[in-house]
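With the hints as a guide, dock the two chains, each given alone in a separate frame, to form the complex.
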Amino acid sequence: MGDKYEPKILALICTYCTYTAADMAGSMRLQYPPNVRIVKLLCTGKVDVMYLLAAFRAGADAVMVSGCEIGDCHFLEGNLRAKERVAHAKVLLDELGLGGDRLEMFHIGASDAPKWAEAVQKMTRRALELGPNPLRGRAMAAPQAASGRELST
Amino acid sequence: MIVAERKPFEEIAEASAGFRRVLVAGCGTCVAVCLTGGEKEAGILAAQLDIAAQLNQREQAFEVGCVERQCDREFLDELAPQIEQADAVLSLACGAGIQFLAEKFPEVPVLAGVNTTFIGINDDVGVWQEKCRSCRDCVLTLTGGICPMSLCPKGMLNGPCGGSDDGKCETDPERDCAWALISARLERTGRLGGLEAIVPARDCRNALPGKQVHPAYERRYSAHE
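Heads up: the protein sequence lines correspond to chains A and B, in order. Numbering of the first sequence is given in my numbering, commencing with residue 1 and proceeding in unit increments. Numbering of the second sequence is given in my numbering, commencing with residue 1001 and proceeding in unit increments.
Same shape as in the complex, but just chain B (with noise of 0.2 Å):
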């Protein structure tokens, strides 16, 4: 899932400041997950923005919408109705959702409530931790299901760097160096060899913006175009 926390408060209300009708826009999945973004954290959000206005004596409105995708074109669509009653949009999506709503309503200014962050699992309660860098060429088959890539400050690939220390990592003693990790549970399931591959340096060309057609719909879409 991709994880996001708030931006800090100030920031938000500061550039909600201008704009009188204000729609706070929740994201019923990833976000809501992450307990940042969700309808409940919108309208949390919503009360704070409305008691703040109040007490700097700001004339604004605060109303609550939330969509279960707003990366989902179906799903954004329900937002049109209270959007164009909006001055401006507060949206609590991830980068993308933000991205699509802006895109999809080009008329109404969009604001940012929350940062991105990773693209993580639910470690715990409360509790993220990244995963995946979206590099966008996995090796997570040679390094048995460990990701050098994010899991190691320098992005190793072929093994660790001479700052792993007894397990842990040079940049902080409290982290586990991926590629002890990579090479323990390696070890563990008898795989060890197969670090003898040299795993080629990294395309950077992944660099640019990316899309993708899933194959079943490439003739679609060709054809389209």
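Same shape as in the complex, but just chain A (with noise of 0.2 Å):
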């Protein structure tokens, strides 16, 4: 890797509105920044607070979350209850030292895939305004890091 700093965003997102939003923004040739890495799961319901520590953990210079419009979730509300979950985190690495600007939580509908390719960049952005995680490199590397049981969520 060369000297110029190039985020790596983590990506949760649901599969029946963001990824078919992100789906369609490669179909219709969109160009947002390669910087995001993409995990797809069934709801956004599904993310869990230590999911969102895991990543940055691991070195994330940035989270993403991002679920159905309000309303609209296969579920009824789980991204209703992603969108609790990511504001709880917010606060933890607030608390911690992180910043919770490196997380964000987005509402995209299946057939907005311009709004999905903005998110990137909004998030891409502010990426590089924050600046690398300070973990990055050293969190994976640490034979002292923690060993947190893994959890049953």
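In short, the hints are calculated from the structure, not lab data. Predicted, not measured: the structure shown is a model, and the values here were computed from it. Just so it is clear, CB atoms sit at the ideal spot from N, CA and C, and this is done for glycine as well. What you were told as hints is all true, and nothing was included just to trick you.
Taking lysine to any residue pairs in the SDA-like style, the calculated list, with each CA pair at most 20 Å apart, reads: (1) 1040/B <-> 87/A; (2) 40/A <-> 115/A; (3) 1040/B <-> 54/A.
The calculated label-pair distances, taken between Cβ atoms and stated as ranges, are: (4) 46/A <-> 1017/B: 32 to 42 Å; (5) 1153/B <-> 84/A: 29 to 39 Å; (6) 1138/B <-> 71/A: 44 to 54 Å; (7) 1108/B <-> 5/A: 40 to 50 Å; (8) 1203/B <-> 71/A: 56 to 66 Å; (9) 58/A <-> 1087/B: 21 to 31 Å; (10) 1126/B <-> 69/A: 22 to 32 Å; (11) 1115/B <-> 15/A: 34 to 44 Å; (12) 111/A <-> 1130/B: 43 to 53 Å.
Pasting the structure below:
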């Protein structure tokens, strides 16, 4: 890797809405930064605070969670739960000194490919402004890293 | 159930900063139900502390452990192998659990990760209400199941003080007067007359630390002592 900082952004997105939008963005040949790594979840209701902290421990520069528009969740309120968990995780990140701005929640409908491209652009800009996660390259290599027991979430 | 809230992160991080290997010990009963100190909360706190330690260039490792109840001897024993490997234990149990852990493992520094707040009920998702002060002299039979010791800021035992105003408390216009609630409840069940009885002043000897033995076990423990 060269000296230039290329943010690594993890996107936890739901299969029904945002993933479809991201897929459509590809079909529409919409341009957006290649810094995002997508993990498709059945529903953002599956997102757990532990996942979000784990991403930052693993060196992610930013994390975005994106579910259906409010009121459109296929599981009725999974996206609302994700919204609350993301808000809580932002507080936890502020507390520990990494900053809650590195994490954001989005709501993107299945037909809204341009909104997905905008969201990725927004998070990439933000990750560039905030600079690299200080744990980058260190977290995974650190032999003393916490070995918290796997949770059955 | 016993309700507790997590201490401010800064306080926890500062208390644990001097230890290299810290066991974050959750408790799977009351504090797990109030989303403060169960296995998940212990995992989250350990992850937070781990990130903070790395940000501050501190060489620390945080292990997570959780037992069903830290206030119970046989469950607490399960933590022994992890405690042996730790320089300190950060307990997320209530005050009773933290003390019992410290008593059982006197060689290892024990840190408190929560403030125990009260005995209460789960009012809604994520909301708890205090209901009992554990005063050892329950008047709930007389007061229609509403506790004046915990709900009245003055702990009035024989009717409201002069500050009761249209069913609200003088300390906070949003707070219901406990005695207004008590009268309404007793009236509804036709038991208002019971309030004629005077409840004597509290026996303040209950400030001593409590200990109780179940009557069925009295013989066993008196024989040992």
